[in-house]
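Starting from the two chains in their separate frames, assemble the complex, guided by the hints.
First to last, the protein sequences are chains A and B. Under the working numbering, the residue at position 266 of the first sequence is numbered 266, and the numbers go up by one with no gaps. Under the working numbering, the residue at position 4 of the second sequence is numbered 4, and the numbers go up by one with no gaps.
Hint data in this document are derived by calculation from the structure and do not stem from the laboratory. Predicted model only: the values in this text are computed from it and were never measured. Be aware that a few hints might be false.
To be verified - As a list, the in silico DSS-like pairs of lysine-lysine whose alpha-carbon atoms are at most 30 Å apart:
#1 B:125 with A:32
#2 A:35 with B:124
#3 A:35 with B:125
#4 B:124 with A:25
#5 A:35 with A:25
#6 A:193 with A:207
#7 A:193 with A:131
#8 B:124 with A:32
#9 A:131 with A:207
Residue-level listing of the chains:
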Amino acid sequence: MLDISEPLFETSLEEAASVELPRRKEVWRHLKRSKVGIAGCIITGGFILTAIFGPMLPFIPNPSQQDLEARLTPPVLWGGTWEHVLGTDQLGRDLLARIIEGARVSLLVGLSAVALSAIIGVTLGLIAGYKSGLLDTVITSVADIQIAFPGVLAGLILVTAFGPGVGLVIIVIAMSGWMVFTRVTRGFVFSLKTSLFVEAGELTGAKSARIMRVHLLPNLYSSLVTLAVLEFAAAVLSESAFSFLGFGVQPPGTSWGLIIAQGRDYITNAWWIVTFAGCAIALAVLGTNLIALWLQSFGDVRGRERTLLETPGAGA
Amino acid sequence: MARWLFRRIVAGIFVLWAVSSIIFLVTNVFTDPAAVSLPLGASDEQRDQRREILGLNRPLVEQYGDFLEGLVTFDVGDSFWQERPAYDIVLERVPNTLRLVGAGMSFALIVAIPFGLLAARWEKKFPDGLSLGFSLATISAPPFWVAYLLIIVFAVNLGWVPTSGDDGFKSIILPAIALGLPSAGRLTQMLRRSTLDEMHQPYALTAESRGFSRGYTILHHSFRNTGAGFLTLSGWEITRMLTGYSVVIEVVFAWPGVGQLAFQAVEQKDLILLEASVLMLALMVVVTNILVDVLRRVIDPRVELA
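Excised from the complex, chain B in its bound form (with noise of 0.2 Å):
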């Protein structure tokens, strides 16, 4: 366990030297970041001394190798926009970003559970009917529209909760909901099918033989071998809130999380602030990956460690 943990650990750090790798290819090669990061009608002296201040006079191999420094002391740079350390408004915002997938996904969680066990349950009766037209509604809207259906009717018309920012619990809630639908859809239909797989297995054929109800067997016996496989479609779901739908609602709802800083940042031009979200998001899903492996291992020890 502890080796495969280290070469898991190992292979995490490779994919992120390679994403910041591919960052500073595109910023520092392909473009000139004092140009990006200036306004269009910067002088050419404004230009010579943002190159001076971002060290780009010197030869590539050493503005990488500092690069690298960089990440592995925790020290990018600068923000251009808010100017004080990149690293640490990054920081600031990292435990936003986690409350808010940590709610999207307990929402999803608590949805997707019980009505993928209903739909095995009843397998083409209502309930699975109902759970397949809610799974196809979730993932064909745009979250973000979502978001603002939501807003429209709970907090213009209703008025119940706030259409923005961050202002305590109830504010976590529709963000919440509008980043957990498409998961919960998803993860539904999974656990509809894994179950019903799991219910012509023999161990099932032979419980329900033996006079257990169908819902007994599936909450006592195929629930428990259904887990691993549900898990690592979570850890799926979570990687996707970080690196895609995260950054949308946060920017819908004004959410103070990395993915609304990472837009600000592109809005901002700033292109160290940018970097230091992005790979943060990057960390956050190799992390959540080898959480999940380790997670999986401890409630399923039949899983191999690859």
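Chain A with its partners taken away, still in its complex shape (with noise of 0.2 Å):
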């Protein structure tokens, strides 16, 4: 088992009482003169703006068109044709259209699993860390139960049980990334239960939701951006994973995943399908990653547990 009962931040007091949230002006000061972050941001935008707006742009075609007679047509460099700048797939549709729609697929599953899981994996955090006693064992002992348990092994049984889909892939994979939360947001507020501004709003009588709610959880906010980045980053790839073993989005629909599923029969003649749909992701994926990275740049004290490369459990 991994050892989950010690928290996994040694915060002294003094570093937890100098944690400040950045000021909007200093963070953006800070991202001008990182590249790594302009990089990240840059390439997350981009990715961004394509899921929400792509579809609409005029030049690209329908993504379900098929077109049976420009079936596997290379991409333009390759000698296609601008019609279809990244080639098409076995059943002539337009790739790129097909890429943009599945970055609305990645897009929504990550946000809504990385929302689900945080939102559980806080609660129980914060319950556990400021509770303790027997409400700390339980949570941390299912925590615990579900490190030994995560992802495409509970993927497989609730498909199983209950069909595939977009609701169950999102479950999934909130299923597999809330003790994360529930791990940092405990430690966190182990160091600082017993800090001034706590013992005062006992002591005035706030009653523990409040507690909790109103003095620990500001306090928290700025190392769960960066954890909730990471998260992001690992629900793309296990979305990407989970459809392409065919649990997630059923054809006639699309995900980058299922593209790389789909296009696998071709990838001696037509390999574009497989790389540049498997591009999409690692792309959407990069781009998150180096916004985590800069963002544990500025606060190395409290990003120093948590980097990016060491993130435990979550993930297919």
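In structure tokens, the structure reads:
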């Protein structure tokens, strides 16, 4: 078992007290100086804009429009036409249009899975850290079990029981991500709950729900943002894996993983299907990871334990 | 040590019990296994018959008792798909998964250890930048896509290795690389980071001030101290492979392991086989975690037995 009984963060009281939310101006100044941050924002911004506005562009064909005569047309630079910039798939559908459509699914699944796991994880982490005792033990052991049983395995069981679908994928990803939020929140609350402002709140008779929400939670925002960004990257990767295995979006719908699954029979004569769809996934995840890297370079004290490449759990 | 080990094993068994109970809950309580395992057009009689075979007409508590008994006696029932004990089918696949995960992990370590140390030796110089680029690329690219790129280049175009299946040493190379790359990326950065942290410790500063080169200090002093942490994270990587990537990679390469079996069980709607293979993967995770903790204690006696 992974040992999650000890707090991930060995934050001393002084450090915790000095943790401030960076001001908006500071964030901007820091971003302008960081190449990693700029690159991450450009890539991720491009991804989000494409997902929202891409399908509305006039020159993008209908992603489900089949044209059997133009099937497996190569991309324009490899002898294709400008009509299908990235070529077409086995049914003559435009690959670029399908990839743009897939961006929507990835964005939707990524955002909702992270929102869900953050809400569950942070709530449980606050309770476990602040109340301690029996509740803490229960929550910690549930998180412990979840770590031995995450991702694809839970997905396999659920998909057999309830059938495939996007909703199921969101739930499975959220289920395998919440405990990371719980662990970090709990560790933080542990170190914060003996501080003066919490004691002051308790002395004035505030209820524990209020202390958690008003006094503890705002102190966690900055570290939770980094965590959420990392989890988003993991969620996009997981979604593509689930769709690839056929558990997510079902045809005639489209998602990046599904494009790869459908294009894999053609890798010998139509390499572009698998290659470009995978590039889309890799770019979206890379952009998000770069942002996480940049966010970590800001508050080194907070970000240390959870550096980008040491993320435990989560992900397919 | 013995008491600690005993406690860990009991905790591991508890986890396995919980996982199996969740599986039972989802498959037998929330859904009707007889309906799930039969084609959509099955008649009511066929369903009743299947219920009879599966013993679904009895009270749930009794079914649950039988389920647990089956787990303990290693007899979870027959697979519908292959019509023989599911447990036997899973056991046949275990060595293949272990071989694949072992090869993937070896690849990850062979890459990560030198790369991480070099990046720490030349901090903020070329090797460091290269290692960051490598890590970002490997953790951002989906492993199954990397697998196809490897197949396109090395199996289809160059023809050096087979595209799929399990046929001797050559056929494990590509799956091991595809499986090991993300772990290699993460472990490289972890080793770099912890080596740099160690280099700020008094003993490392002393060594350097006495004239030992930075490279010597890293290899002979700090490397040992990063060992325990590195081992823990390597264990996480194995866990990650077992519970996630191995399924996808085994499917891509038609590698006959437990992950592929679980996937096939879903396709065949073979609940019993699925339960058996998922439990087997969970068992491997629990065993890995205990082994890692023991090893950690062996290489670093300072690690407390919590």
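Evaluation of the provided hints:
no.	hint	verdict
1	B:125 with A:32	holds, 22 Å
2	A:35 with B:124	holds, 15 Å
3	A:35 with B:125	holds, 16 Å
4	B:124 with A:25	holds, 28 Å
5	A:35 with A:25	holds, 18 Å
6	A:193 with A:207	holds, 14 Å
7	A:193 with A:131	holds, 10 Å
8	B:124 with A:32	holds, 20 Å
9	A:131 with A:207	holds, 12 Å
Violated hints: none; the structure is consistent with every hint.
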